[in-house]
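With the first letter of the sequence shown counted as 1, position 461 gets the number 461 in my numbering; the numbers rise by one all the way through.
Read the hints as simulated data drawn from the structure, not as lab findings.
Among the hints, a few may not be true.
With a cut-off of at most 30 Å between alpha-carbon atoms, the simulated DSS-like pairs for lysine-lysine come out as follows [as the list claims (entries may be wrong)]: (1) 143 to 59; (2) 115 to 132; (3) 164 to 139; (4) 214 to 439.
None of the values given here were measured: they were computed from a predicted structure.
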Amino acid sequence: MLSGYISTAQDVIDVINSCLVNKEGVLDFFSNGSFISLHIQKGHIKGFSVPSLDTSHVKNRTALLFYHMSEVLENPEGFFTFREDIPSENFIALEQPLQAEELVLQLQLVSQELKNLIEKIITPFAVLKVQKPFEGMEKYEEKSLYEIIKSSEDSILNTLRKVKELFSEGFLDIHQFYQMDVDRHKLLTEYVIKDVEAKKINLITILENLQLNKFTGLVKATDQSQEFEMYYVKGKPISLYPINYDVFEFFINPNTSMRISVISMDATSMNLYMLRHSENKSMNHLSGDFLEVGKVFMGMSRSKSSGLIVVRMPKKKVNILYEEGKMRGILEEEQAHIKAVSQLRIEKPFWVDLILYEPMGNMASIIYLFLINLVYGILLKHASDTLQSIMGQIASSDLFMYEEGSIKYRRRPKEEDDVVLAFLSTLLDIGYRTLGQKKLEEDLEVSLQPYRDVFKIMDVEEFIKFPNESASR
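Produce the entire structure from the sequences given, and follow the hints as far as they go.
This is the structure in structure tokens:
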């Protein structure tokens, strides 16, 4: 396999010329989120593949190839690979094999014509409308340039020049812009609050506003020694990382050294960005000396995978979000601040994480851990003779551990993990037996009282299902 970086249009042309000479296999280009594969056979291109390409009503496959390759030429910064491989069934065979020289020559002309035309119509997905009658006008009426290209029986150069001429002479104009597929795959992020001292704001009021405004995004709190991120969807918290039930105490009595940021983000991007905290990494902190990062990007596209690629560099970190094989966007982190960027620039040395998608919600686990420690604190105060038995259960557990006076998780529990609920049930049973129902409930009421406002705002009851055995007493 051959692979490398491309950064200019000339790089793209050089790769095409070198890979098409006496080679057979698949040439992949990945640039600015676009991905295209060419089927190469001894100096000729026999077919191509583009993820999620709608092949219905395609009359001119060669024109479609030129269109998608012109996107690579226009935004060339990216990667390429050549592999001696048999094309998959998703490849579209060209009407006639295309020679490398013809591709390069025509591609440069097509790219320039397309660029000139886009200046008039803004986007190839703008719907056109006939302004005055002309022969063959039905081929253009209420169709986008992209639809015209793929349904035309003429060459793409002639098609582009014809559309340009019709615009210049007033036969065509833009009718409307419709929702393009690419818009569904756009990362949306914005700071609502940025790096404000916790002591200068009312966190309870902020939580109320997040709930009322059905906020989707994350609340980030940091200081020199620690940080946490709480993720929201439509005004409800769904997860907290790292796992730490002390967050409820923080909202009541904020650490004055902490700084708060509130960042809005669309739900899909947020669920992908959250994968940074996953324990199930397919690739973990692998040095760039051992891989071509472009192959990782292409692998995500070819396999139509959803997930996150994290590239760590000495001064910054970039998070590349993938949704079903399409790059949704890039989030760059530098000096604890994040921003969406349009271009990926990687500098050595760098290290790579790869995390495939998995559900990352954990709010129920956080709340149960809080309740476990609450009940444990009551038993520690009033029934210390039960502690040896409790410590024995913790020591034999692969999920729980005891550290610095608190019960914690050894690993991230799954939301459906009944072990957490069973352990809470055990502690409640011990409390009922040793303290009696009335005393335990009174102590629980007193211990929970300071947190009631926070729990109400965060709609904590939605996540809790009390153990049947204990709740029925």
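Proposed proximity, residue 139 with residue 164 (alpha carbon, max 30 Å)
14 Å, holds
For the pair we were handed, residue 214 and residue 439, check the Cα-Cα distance against 30 Å.
39 Å, violated
For residue 143 and residue 59, compute the direct alpha-carbon distance and say whether it is at most 30 Å.
Answer holds: residue 143 to residue 59 is near 15 Å, not above 30 Å.
Mind checking the alpha carbons of residue 115 and residue 132 for me, to see if they're no more than 30 Å apart?
25 Å, holds
Checked against the numbered hints given earlier, this structure breaks only hint 4.
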